[in-house]
Amino acid sequence: MTNPHPVTVEVVRNAVVAYADEMANVLAKSAYNMMIYEVRDYCCGLLDANAQMISQNRGGLPIFLADLGPAVEDGIQRYGLDGFVPGDVMIMNHGGVCGQHLNNVVVYAPCFHDGKIAGFAATRAHWVDIGGVRQGFGSSATTDIFGEGLQLRSLKIYEAGKRNETLWQILKDNIRFPEASLGDLRAQVAACSIGIRRYGELLSRYGRQTVEDCVAVVWDQAEAAARRVVEQIPDGEYVAESFLDNDGRNLDQRLRVKVKVTVSGARMTVDFSEMQKQVISPLNSGKSGGIAAARVAFKAVTSPGLDVNEGCFRPLDVILPEGTMLSAQPPAALGLWSIALPTVIDTILKALAPAIPTRIPAAHKGDMGGCSFFGFRPDGSRFLLMNIFGGGWGGRPDEDGESASVSICQGDVRNTPVELQEIKYPFIIEEHGLRPDSGGAGRYRGGLGVVLTYRCLQKCRANINLERLTEPPWGLHGGQAGAINVAIITHADGEQRSVRKETEIDLGPGDRVSFFTAGGGGYGDPKLRRKEDLQTDLAEGFVTREGLADYNESTGAQV
Amino acid sequence: MNIAGTDIGGTFTDLVGCIDGKIVTSKTSTVPADPAEGVVETLRIAGCSMPSMGEVLHGCTIAINTVLERKGARTALLTTRGFRDIYSIGRGNRIEAFNLFFHRPKPLTERSLTFEIPERIDARGNVLTPLDGAAVEALIPELRDRGVGAIAICLLHAYANPAHEKRAGAILRKALPDAFITLSHEILREYREYERTSTTVLNAYVGPRVKTYLRRLADRLEREKFRGKIQIMRSNGGVMSVGLAATQPVAMMESGPVAGMIAAGRLARDLFLDRCIGFDMGGTTAKTTLITGGIPAIEEGYVIGGAASGQPMQLPVVDIVEVGAGGGSIAWIDADKGLHVGPQSAGADPGPACYGKGNDQPVVTDANLLLGRINPRRFLNGDMQLDVGLSERAIASKIAAPLGLAVHDAALGILRIADAAMSLAVRAVSVNKGVDPRDTVMIAFGGGGPLHASAIAREIFVPTVVIPKLPGTFSALGMLMAVWRQDFVRTLVGRLGALDAATVNAVFAELSAAAEEQLTREGISRSGAELTFHADLRYLGQEHAIPVPVTGAQLMTGDVSRLRAMFHDEHAKRYSQSAPDESMECVSVRLVVTAARRERERVVELWMNEPWQPEAEFEESRRRVVFADAAHPVEARVLWRPSLKSGMVVNGPAVIEEPNATTLLHPGDAATISAAGHIIIRIG
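Going down the list, the protein sequences come from chains A and B. Under my numbering, the first residue of the first sequence carries the number 1, and numbering increases by one thereafter. Under my numbering, the first residue of the second sequence carries the number 560, and numbering increases by one thereafter.
Excised from the complex, chain B in its bound form (with noise of 0.2 angstroms):
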């Protein structure tokens, strides 16, 4: 089957395809207008021939850009009544604790369009206040007449009982058939009624939107003749179909950078690496991932638009740590001397100094270029020519001057703060998490990862750096390998050893039944699906669970003593101290649903491990590059990727160069062109 990823960047959009058994790529300016466009632009210059396309995979910012510009649909919010300013009132916390003029997030609904419903369920469940139906039916008008485009119900304790809040969706779907409705049950069956009303509301503030940018990009490739199926990236690093996108677009907010981990974790799988961290840089930031047993982790929410005044999500979503260091990171200099790098970028335009468009910030690929880690004459498969000389100035104006250094110290010194910066995200991906970095192996890519990556791993003590085939446009391969994937929550709260079995019998049923329920809705066969379950347990007195692995319900029920061993490890791996003489209690269950697209994997797993095909001998050539110390830079051997031969040993220091990215070893260095020809780098 001829599938396609395309992945829609501020810049570019990217194209991952494999078409009749081979990978084919391509890349065209993205166009804002009209995104939907580039998309199709990219399959015709990759030369897929649309009618015998099965599937495009999708990945894109309009959700998550819907919310950072503010660009949504206007929103009612119901509440229970009394709790009509749970969505403003938040958390009440401030994060930037010494900002005499913080600000709080802003909610995306207006006040007077948030109304309370007479009703009340109490947190096992029980209603205390029946639905006041003709309340809900009164707002009928205000909503038509005050042109509300979306509803968000919320209600108090509705993850435990979600009856009033499908009545009143019931009544306002009816008279509203053209407003967006969304309900927090069928979004989040987790208690805390802020965070879940908050994921509520942006699901159906970015609803409308979304819902017609899926449209169009649906009915433009059914114009091209496109008859397969497309798939969206979801931010939990699954898939989902489009018509489930359309209604649960919260679920794609970080759909473009996840695709990246996923092949990551593909590959760590297939060289059989069970830790590994995927660390991505591309132009203006770096983002990192633990990747455990081929998975990568997964977050129970975040923020969007930044921890003081964004706005929770609270759905699963990869765990990627994010700094504000990529290539096009601009350096500069404080008011007390103190050198920084980023977070603000050039970007692409206009660029770093050395493309000669009139920026005069040095960023981190001019530092390179002073430096001679990267070639002027391949840069961007040599679309681009690099002008050494305006690196030069750049750096020595801005930041060798001011600093009383030289400039190839400068230059080295703002590469050395961005990989430090770097490593401090790696550090909180692996080391936060229990993990010693010694144990793992990072995979880099991304236009700058296989640049930066021995510096970093070297910074941190990760013995081991892999850097993939086509590392430049690895997160649209990504897509070609995810899975569909959907989350399932129910609360259960109670001591471990003391759980009702028919209670615990009936979530795990639950839990299943909206499992096949969705299988069914996606048209994906029960047998082809794989259910996990995870128990969320702490100490009795905890609050934060951590998520342990069942097998079925027996497990929470009848002997729990392995239940119990596996908590106290995972503890004494996270916190390194566990209390074995302690009650436990389970909070909720959880359920993940996979189904593999096994043909379409087959085949790129398949082209990820054929045996590497070198092209023809291209002659070697050296260079001086600065490696530890600015004054003194070393030899080094430049090669050319295409056409080293697997097997071969290359040792730093040495310059790897490819169409769209340099591997750069450092003294001491050891790579290794694999069978399939990854580079797999020990670390001098």
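One chain only, chain A, in its complex shape (with noise of 0.2 angstroms):
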């Protein structure tokens, strides 16, 4: 490799990743569902032609960090580099291999220039359904991958320009909303075009070879980004331990999430040995969602700041053993991949915190906070209401923690507006609001979890499924808990149960679900919380005065 001109470097960087975000923006202009066009879960991004990453476009998942790559890699065993020819495009959803709900569906295309594959544009979005017996987010009551839908393993949607048909119709008659998944599919499409055009474009202008050159340095770059600062991390071994409530399937068995982390010079690796195994109900994920999470609390703690690439992730080592529930193995159930994620993740910080007191907060609300609502309309036609919300991000070394919050694995998702639910949807929502004393008492409190409550208009049905409950976002240094998540009915006669995780609720008219979602951890002893904070907390609402109990001890009844 020859050196490339440093002004190049910057030109082909800042290029990949604008076009990485062009993509985005076709993919989210003209997407079908909530999911893509509201809630954003979906990324883009640009491949060599050894399915390394790029560039991927900002925003979007940070969870969707390691898995594009294996999606392109399997496609690139199964056909060779030689098997694609221009108008090609790709789509993936396969358990074994993407690890994920097959809801998620990698649509690829790849980039020729001089008549040779150069690389690949490649997004992932979330279907509003693939098939399968479940609708919605997960029922938690799946044991296998069948019934979660169809699985596509690398085939072929186009072949050099044309559609398969038989594909087409396939998928048209096995999913749920066909209008809306084969529009948001052909929203991907046109995204990947996008990609390979400016791609191509690109290595048009300045050369193959000149324009991977730069992407190597580009990669080195950021690896010795991340070095620098893992050096700084004290070498040594660092454990810790938390715990998912349960399986959803036997609610009172908790599931042990335990990792290593060892830093030494300017290498970190992460242990998952002692994970939990792999469960029978769908709360597994393949093995990128074990090093999406390892990669996300790496990229958080080394170089936030810069943008994705391959190479941020060269210091980082992963260990993870064959059927953990973050490397499970086919046909494990992956309905509920994601929840178990951002625990995983806490759990990594939590590691460190020792090692790096100031650059660590506390927990933060660790789950994935989603609900679905589906049915019929009295005119038959079918709908399906997703929204993700919020919770309380743990309070930080010199500042309290950010109230509702999408978590650690969500970077630009959103709620849905409740204007826009009432609009679509037969419910009227009573209370979007903060949780007050839900954040965790500390020096610098813990961000406040909300509260939101639906009333159904009309019969439908639910699924809920809520994290976290048994361990509720710890605190750091002396800081206490954040509120656990707390999901309540209550029906129209008044009967009112919780609801843990459970698929397929009936609900009536009049009926009422509240969530309450968990507010982040303390950092620091609350006794030294600044009086005048206190006062704050207390004038604003965000602690109540019966809240003021978990700091009394040290400001007196008075506040």
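Keep in mind that the hints are not guaranteed to be accurate.
[To be verified] Pairwise CB distance ranges, derived in the manner of DEER restraints: (1) 828(B) x 459(A): 57 to 67 angstroms; (2) 1057(B) x 459(A): 47 to 57 angstroms; (3) 665(B) x 232(A): 28 to 38 angstroms; (4) 355(A) x 737(B): 51 to 61 angstroms; (5) 544(A) x 732(B): 29 to 39 angstroms; (6) 241(A) x 732(B): 57 to 67 angstroms; (7) 249(A) x 688(B): 39 to 49 angstroms; (8) 685(B) x 493(A): 20 to 30 angstroms; (9) 254(A) x 896(B): 29 to 39 angstroms; (10) 995(B) x 256(A): 55 to 65 angstroms; (11) 232(A) x 896(B): 36 to 46 angstroms; (12) 330(A) x 1054(B): 57 to 67 angstroms; (13) 630(B) x 532(A): 16 to 26 angstroms.
[As the list claims (entries may be wrong)] With a cut-off of at most 25 angstroms between alpha-carbon atoms, the simulated DMTMM-like pairs for lysine to aspartate or glutamate come out as follows: (14) 896(B) x 655(B); (15) 1132(B) x 550(A); (16) 258(A) x 322(A); (17) 665(B) x 399(A); (18) 29(A) x 1128(B); (19) 531(A) x 550(A); (20) 29(A) x 995(B); (21) 725(B) x 1169(B); (22) 916(B) x 942(B); (23) 784(B) x 1076(B); (24) 29(A) x 1076(B); (25) 896(B) x 878(B); (26) 630(B) x 159(A); (27) 29(A) x 858(B); (28) 665(B) x 533(A).
Since the hints were derived computationally from the structure, they do not count as laboratory data. We treat Cβ as the ideally placed atom computed from N, Cα and C, and that holds for glycine.
Using the hints, build the complex out of the two chains.
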């Protein structure tokens, strides 16, 4: 490799990310389902001919970090690099390879330059439905992948520009919202075609060798930035453990999340050897889930401000034996694959907290925060309401945690506006507010969770899957835990009950479902919280008089 | 009629006037403590006799700075019961996805000043729970006691039925006549409660300060015996009366930067250019906008103060993409030897290294100077002498040495990085909108635009660049051409082809009535106004709608095939695909009302197009300029723009200098001086 001119490097660095952003713009603006256009559950990127990540769109989901590569790699193995022609578009969601729920469909297309394959443009987007026995955000009832929908393993949905009508028809006849999902598929194909066109222009402009040399330099620079941070972390083995509530079937059996982080010089190893074994329910993810969790934690600690590419993760090793909950073997069910990941990431951060106490906040809400309601309107049309909501983030070394924010796995993911939900679906939302006293007490308080109450206007069903009820978001350095997640159903007749993980809950007109999302853990001893901060908490209603009990030891009854 | 446009910037207050049919310009230092003083001063310098002035147009950054500096009024917020925290919860998203220490937008109101009102309206506008007027009245003592200066009222689904907001507003306006009260439906009639609340709060928050400022400006001008109208530039590229600005100050957030794009649009129309890219490069940033058929692209809202933790503002705004690359942008090297330019700027003080005011960080202007692209003796009309040696020293020590490059290589690198960043911005406003830059013309202005335009055009294959007359004060000129403009919108959701004619007619009638009411208030005759309707359409199931122009309600209720075809085309253009078999849905109807100021426009138009009168001949010289190869500077012609005759052709490499700008022609470029004196460059 020759050393490319630093200026060309800079041009290429910015251009490849701008192309991924342009792909994302096309996808989001022409998509058909709320999970893409409103919630932004997707990622777009460019990969080289070895399926290594050149760039990924800004914003979007952190947890989609590891996983475009393996999907594309599978296609390369199947067809060989010679097996692609211009105009091919691949579709891929295979559980055993992608390791996540089948709704996350990867669509990618090869980019040709001078008659040779030079890379791929790829998108992953959450389809509103992919068939199977469940709807919306996962049921906890499936026990293998076959009940969870269609598996599409590296299939050509377009061959040399011609649509594969057989495959198209199979998709159309086997999913619940074919117009929406096939509309999303069209949007994904359009995004890929933009990506390969732009990348092709770049290759023509500077030459393939120069562009690839530049990409190599960008990767080296990203690696160097990460190494420099790891070097500052004292060498050692750091272990932490936490628990998930249950696998959704046996509600009283906790699942252990144990990680060992080893720092040695400029390398970090995340070891999942003692992780919970794979479970019969759909809380598993494939290997990419474990790798992505380690990568998110690593990126957040080392270079949160830099764009994502393959180089960022070179100083990171992940030990992930087969058959754990994060590396489940087929035909494991994967429907709720992401539920465990915020806790896994938080546990990695917890392990590092003693080593770098000023750079790790207390635990955040720890779940993915979603709900789904579905049914048929009086005119017979099917509806599916999905929403994502935030909770509290942990107190920080020098300030309170943020409130009402989506999890660490979800970046630019957004809640759905109340007005939009009421326009589209038969519900009245009665409350959407902050949840006072939910932030863990500490010198720096945890952020607050939210309260969200739906009232059903007609018969429907809901899936609810709460996590982290047995282990609330922990505090650090003397801070207290945040409040746990709670969901309560109040039937029209006044009967009330709480829900942990349940599938297809029957609801009728007048029934209410209330979510109380978790708060962040506190940071530092609550006794050290400044009096004026407590006064503000009280005046603004973040902490109530009753909630003051957590602090009162030092401040007395009078604040 | 004599008119003047005044643009208050961070450093200078600029004026372009049209006095007795002649264009005059002036410039003075901005007076931060009393900006109105600067306006009066520019008018004085330009020799504008106040009693003879018919109109003063004004653009300023006071509204946006009030937000950015958080210096607005103590603001209370009234919400529907159960939704006190809509504003602080926002959308829950974290744009900086990996940042454990991210910050969400910080509300401009206190939670303890946010009050829930018992009331509820549903998505169709039906009242579920009547407004509890007594609950509103009960708030009055607390609002008074706590010194609330502004109140925002945003109730759920008020876009569909504003009755409750109106009633709550009436109660509070009566009891608290001095408070600045904003009702969400008066600002924005669209769903999405967070964005609407944020826009409403922004209006209330900046209201008292902007109102005071505008009153002071009016008083100050009146004292100078000014008897004409004051018009305020608004973010959508139009102007509004000073009276409307005082009630809807949120509409003037981007009052400063839009005017230049208006001027570029007008020039595009005069030159019969269908697709243009307006490009404005100043001292700190470069701004760019797509201009189609002479109209700058409009975006339905943006985020003030950065996407990650800024305040959403959901009113139409000229879609300006801004990058931190300007003449004063500092070049620097990160720990991994990556070379960057901006976003930090040396500004005007201390300014570039070559100013000799103690800055040793090289900036873009230093690189231009070292490479011979600008003239050290003619900078800012010769008022500022530049020291090439200082530029060279700064670039050598901060960039060249650490990277192991020759100093001229490093300087060229700085310019190429700045050009690349600006190219990406230009790409964002063109290709992201489905426009191929090869089909566009770039109109470049601002202090640095003419200098960098050719390189940027080359980078993204724009074939033609136009450098207008007076590129350095083009923004203030733009104000003279802005039309009065007001936007209205009503929600109208339904499947195209199945819309109820009566409902559609009612929406159009309601929009027209709102427009006429506003025109009457502003004293504009109905015949002088132009009404343009757009339907926001999408495929059934999609969320993002695309506005498609409609001439009237009948297009949406009778045979909808034409409207369908228009939408398919627009969708294909933007997203490179369409779905002709699918059902389509309407989301809302928009109305844009414009009223041209024909007399004023005519004078400026005349000036823009009148035959160019060159000054006396000026002897051309030559100097060595670095273009593509730092090791081999090229001998280039150096010309004085005011002396160039129309029809003259100048081939690059060449430098064309004028009082406040320098146009650079790269080898292969061919420039022609148009009949009106604009420079038209064919990129080589």
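Hints, one by one, checked against the model:
At about 58 angstroms, the CB distance of residue 828(B) to residue 459(A) agrees with the hint of 57 to 67 angstroms. In this structure the supplied range 47 to 57 angstroms is violated for residue 1057(B) paired with residue 459(A), their Cβ-Cβ distance being about 26 angstroms. Range check, residue 665(B) to residue 232(A): Cβ separation about 31 angstroms, and the 28 to 38 angstroms hint holds. With their beta carbons about 57 angstroms apart, residue 355(A) and residue 737(B) fall inside the hinted range of 51 to 61 angstroms.
Distance hint check for residue 544(A) and residue 732(B): the Cβ-Cβ separation is about 34 angstroms, which falls inside the suggested range of 29 to 39 angstroms. Evaluation of the 57 to 67 angstroms hint for residue 241(A) and residue 732(B) yields a pass: the beta carbon distance comes to about 60 angstroms. For residue 249(A) paired with residue 688(B), a C-beta distance near 42 angstroms keeps the hint of 39 to 49 angstroms intact. For residue 685(B) paired with residue 493(A), a C-beta distance near 25 angstroms keeps the hint of 20 to 30 angstroms intact.
In this structure the supplied range 29 to 39 angstroms is violated for residue 254(A) paired with residue 896(B), their Cβ-Cβ distance being about 49 angstroms. Checked against the hint of 55 to 65 angstroms, the pair residue 995(B) and residue 256(A) passes, with Cβ atoms roughly 56 angstroms apart. Range check, residue 232(A) to residue 896(B): about 19 angstroms between beta-carbon atoms, so the 36 to 46 angstroms window is missed. Checked against the hint of 57 to 67 angstroms, the pair residue 330(A) and residue 1054(B) fails, with Cβ atoms roughly 43 angstroms apart.
With their beta carbons about 22 angstroms apart, residue 630(B) and residue 532(A) fall inside the hinted range of 16 to 26 angstroms. This hinted pair checks out: residue 896(B) and residue 655(B) have alpha carbons roughly 24 angstroms apart, not beyond 25 angstroms. With a CA separation close to 59 angstroms, the supplied pair residue 1132(B) and residue 550(A) exceeds the 25 angstroms bound. Restraint check for residue 258(A) and residue 322(A): satisfied, since their Cα atoms lie roughly 15 angstroms apart, inside the 25 angstroms limit.
Restraint check for residue 665(B) and residue 399(A): the C-alpha separation of about 14 angstroms stays at or below 25 angstroms, so the hint holds. This hinted pair checks out: residue 29(A) and residue 1128(B) have alpha carbons roughly 15 angstroms apart, not beyond 25 angstroms. Restraint check for residue 531(A) and residue 550(A): the C-alpha separation of about 13 angstroms stays at or below 25 angstroms, so the hint holds. A C-alpha spacing of about 19 angstroms is found between residue 29(A) and residue 995(B), which places the hinted pair at or below 25 angstroms, so the restraint holds.
Between residue 725(B) and residue 1169(B), the direct Cα distance comes to roughly 52 angstroms. Violation of the 25 angstroms bound is thereby established for this hinted pair. With a C-alpha separation of about 15 angstroms, the suggested pairing of residue 916(B) with residue 942(B) holds against the 25 angstroms cut-off. As the CA atoms of residue 784(B) and residue 1076(B) are separated by approximately 31 angstroms, the hinted pair breaks the 25 angstroms bound. Of the pairs offered as hints, the one joining residue 29(A) and residue 1076(B) is violated, with about 35 angstroms between alpha carbons and a cut-off of 25 angstroms exceeded.
With a CA separation close to 34 angstroms, the supplied pair residue 896(B) and residue 878(B) exceeds the 25 angstroms bound. Our distance criterion of 25 angstroms between C-alpha atoms is broken by residue 630(B) and residue 159(A), whose separation comes to about 60 angstroms. At roughly 14 angstroms between alpha-carbon atoms, residue 29(A) and residue 858(B) fall within 25 angstroms of each other, so this suggested pair holds. Using a Cα cut-off of 25 angstroms, the hinted pair residue 665(B) and residue 533(A) holds, with the two alpha carbons roughly 16 angstroms apart.
The structure shown violates the earlier hints numbered 2, 9, 11, 12, 15, 21, 23, 24, 25 and 26.
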